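Colleague: Fit chain B to the known structure of chain A by using the hints.
Which chain is which? The protein sequence lines are A and B, in order. Take the first sequence: its position 32, counting from 1, is numbered 45 in the numbering used here, and each next residue is one higher. Take the second sequence: its position 219, counting from 1, is numbered 232 in the numbering used here, and each next residue is one higher.
One copy or two, it doesn't matter: identical chains are merged, so the pair holds either way.
SDA-like mimics (lysine to any residue), calculated; alpha carbons at most 25 Å apart, straight line:
{"id": "1", "residue 1": "Lys134", "residue 2": "Ile114"}
{"id": "2", "residue 1": "Lys238", "residue 2": "Ile114"}
{"id": "3", "residue 1": "Lys238", "residue 2": "Met49"}
{"id": "4", "residue 1": "Lys238", "residue 2": "Asp172"}
{"id": "5", "residue 1": "Lys238", "residue 2": "His204"}
{"id": "6", "residue 1": "Lys212", "residue 2": "Asp115"}
{"id": "7", "residue 1": "Lys238", "residue 2": "His152"}
{"id": "8", "residue 1": "Lys162", "residue 2": "Arg29"}
{"id": "9", "residue 1": "Lys238", "residue 2": "Asp101"}
{"id": "10", "residue 1": "Lys162", "residue 2": "Arg69"}
{"id": "11", "residue 1": "Lys162", "residue 2": "Asp185"}
{"id": "12", "residue 1": "Lys212", "residue 2": "Glu186"}
{"id": "13", "residue 1": "Lys134", "residue 2": "Ser113"}
{"id": "14", "residue 1": "Lys242", "residue 2": "Ser113"}
{"id": "15", "residue 1": "Lys162", "residue 2": "Tyr190"}
FYI, nobody ran anything at the bench for these hints, they're computed from the structure. Quantities reported herein were computed from a predicted structural model and do not represent experimental measurements.
Listed below are the residues making up each chain.
There are 2 protein chains.
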Amino acid sequence: MSEAYSVDARNRVRRRPQRAAYDRASVYAILDAGLMCHVGYVLDGQPFVTPTAYWRHGDRIFWHGSAASRMIESVIGANVCVTVTFLDGLVLARSQFHHSIDYRSVMLFGRCELIEDLSEKKAAMDAFLERLYPGRLNHARPATERELKTISIAAMTIDQASAKVRVAGVVDEPEDYALPVWAGTIPVRQHLGTPTADKGIGSDTPLPPEISAYAPNTILDAVLKANAKA
Amino acid sequence: MSEAYSVDARNRVRRRPQRAAYDRASVYAILDAGLMCHVGYVLDGQPFVTPTAYWRHGDRIFWHGSAASRMIESVIGANVCVTVTFLDGLVLARSQFHHSIDYRSVMLFGRCELIEDLSEKKAAMDAFLERLYPGRLNHARPATERELKTISIAAMTIDQASAKVRVAGVVDEPEDYALPVWAGTIPVRQHLGTPTADKGIGSDTPLPPEISAYAPNTILDAVLKANAKA
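Next up, chain A with everything else stripped away, as it sits in the complex:
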């Protein structure tokens, strides 16, 4: 589980290598806290970056799209780069130059394959829903064959990866600490708000247990991380 990915020019962090990690535990910790990734691919020499929701199983990550999606078409059989990023804090330094941000990010490299078999597709989509809302599979109406045929699922085996994390807060030049300038960090967190029921759902209908962890003011990545551990 926790062995390191191989490191070469493709995934080596050149800038501030002290912030980098290449072991699976560090990479998975960031992946398992996230929902949205940015998929990078090349079409006729032009790079594209498409945001999408993903989920992880072992050393593979998955995402889906329409069966007609240009993105899915382009990534299958290709080398792609997938990046997941959290903005964790705004850092105000005493010097203009050292204003910064705290963050967590991973870059993943690997090849994509298409999940074609209908039962594999169903299993992958089930895993995605369970990862987000454990137990939801037992309540919501299952997908039909016709529905599953309208989507494509890409699976990328993580061949190489790097995690890069800054949690340093303020780092000023030694001589600047004496300046009479406020410096500090403003945390940034993705919070959940109050669930809004769809039209036709009575206001007396209780919220289902599968979203009990998504309580108002909870931090989204804490919920996702706890789900991944369970």
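Modeller: Okay, now just chain B, sitting in the frame of chain A:
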């Protein structure tokens, strides 16, 4: 300002075109609410997606990195794709298949140039700091020439763009609305936390006026949007 970008195969939204917009007002509205982007570029045929902070001035967006950054080196003179994404809500439908997310995103296409002139670099960095913390320039120690020389700034003229927004909430199949399954939306927002002063800053030191908009529980993109308008 509000005229539309040209549309061709590169920036046309093929999936769910009803969610797409190509006018500058729609694209700028999303850009001006954001801080982090994902820059896509190609090196020896391999795509890379690097997260970074950006700022906009007119039809150009800027970001910076170390003078030795592989990313900056690779984007200068090249066609790149820059994507900005907000996750706005988790959508639980009555059917498994129609679980979704609400989001706002933009994809930008264009060529990058390097800001080399030292006074232009300083002006760009000043604009970035002012965009985030209006008035901060008057308090924090200005950057030295030596500091400015250690960074590179990339400027991309937005040649083409597309915005894609989903705010639909739950969309189920007509026959599924009768199912006894809770459906609804859980909002997701990037909130600011309580500022933490750096070591050496007395707890009686008042917070500076330039971060008064960043009050605890404020939504980050609302602050950024208001700053951009001012």
